[in-house]
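Here the structure of chain A is known, so what remains is to put chain B in place on it, guided by the hints.
Residue numbers (our numbering), protein chains in the order written: chain A, 67 to 214; chain B, 340 to 513.
These aren't lab readings, by the way, just hints derived from the structure by calculation. Some hints here could point you the wrong way.
Partial list, derived from the structure: chain B residues whose beta carbon lies under 8 Å from chain A [said to hold, decoys possible]:
#: 1; residue: L344
#: 2; residue: G352
#: 3; residue: V361
#: 4; residue: L393
#: 5; residue: P397
Now the in silico label distances, taken between C-beta atoms and shown as ranges [said to hold, decoys possible]:
#: 6; chain 1: B; residue 1: D474; chain 2: A; residue 2: A87; range: 39 to 45 Å
#: 7; chain 1: B; residue 1: T411; chain 2: A; residue 2: R176; range: 52 to 58 Å
#: 8; chain 1: B; residue 1: Y425; chain 2: A; residue 2: A74; range: 28 to 34 Å
#: 9; chain 1: A; residue 1: A74; chain 2: B; residue 2: A379; range: 20 to 26 Å
#: 10; chain 1: A; residue 1: R208; chain 2: B; residue 2: A426; range: 37 to 43 Å
#: 11; chain 1: A; residue 1: R176; chain 2: B; residue 2: G395; range: 45 to 51 Å
#: 12; chain 1: A; residue 1: R115; chain 2: B; residue 2: A379; range: 53 to 59 Å
The beta carbon of each residue, even a glycine, is placed where N, CA and C say it ideally should be.
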Amino acid sequence: MNADEMLARLSRPLSPWRRVAAAVAAIGGGTGAAAIGVLWITEPQLPARTQVAFAGLVAIGLAWAGYGIWALTRRTPLFARDRVVAGWLAVGATTLLAVFTAAVAVARQRGWALPAVALALLLLAAVNLVRARAVRSELLRRKHELGG
Amino acid sequence: MTDELLVIRCRLGERDALARLVRQWHEPVLVYVRRMLGPAHAEDVAQEVWLAVLRGLPRLRQPERFTPWLYTIARRVVVNRLREEYARPEVPGEAAERAVPDHGDLVADRDEVARRLGGLPAREREVLILFHLEDLPLEACAEICGVPVGTVKSRLSRARRMVRAAIEAEGEGR
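One chain only, chain A, in its complex shape (with noise of 0.2 Å):
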């Protein structure tokens, strides 16, 4: 086996797009399954059906959710760029999810805690951002010292 033939084999962790669809997977699932949690939590009397049907939508996001993160852990992990690409889909993906539940609990006049919960989620990924940025940049810095 030479060289390339093992390139071709590693080419799904080696491919950038597969990383980012991986963090796009945990991020994507775990904020949809959390708005489809605040729009179930805070809806009143809902009919079983219904109910089951959340609860089916809620574990097809956390389906995506854990899948993403298996990838991301055992798989293919995210190299510094990728981290920062995926810290702003957090950021984003926050962001809307913090919007959205304030908007809903305006809406019912329920849920007051959700928002909170989800801009301590917001201030969580703006700090794995910074984060990720400063380790890219040192990252780089370093790159131009030794030539590259």
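Relative to chain A, chain B alone:
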């Protein structure tokens, strides 16, 4: 391009750097795995090593220490495959001072050493591969194997005696 620069470019996620890293180190990894395990599953194990390397690269804090880090991962994967062999208690080591490494006589013949590897226990085999065939310094061998330098010296000495004994036995048999 130095290893450090290449690793930094890999940590940034540059695809061409990742491909270059694999191209540069594919052969040494495959040879190490093949020498430790034999040819049967070497390619699959080498792939396993590379997956672990790619998983670990974003967390590699000292890019200049890439070589021992790579072999540490390769060794970990190999040890998983040779769990039974590594579980056997090690033969008591001789004093490290008696085991000063030399590059002379039989170990000068790398092909001869490579040919005899299969008959050695795993611990002796790995130090012989790392020190004599991969040309790593004693300190790096010790780091990779997770043992003190003195232990590496003892294992090297024992490995050389085993190889020498095998050569002599073959000579007498002719």
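(message) For a quick check of understanding: which of the numbered hints are violated here, in increasing order?
(response) Nothing - there is no hint that the structure violates, so all of them hold.
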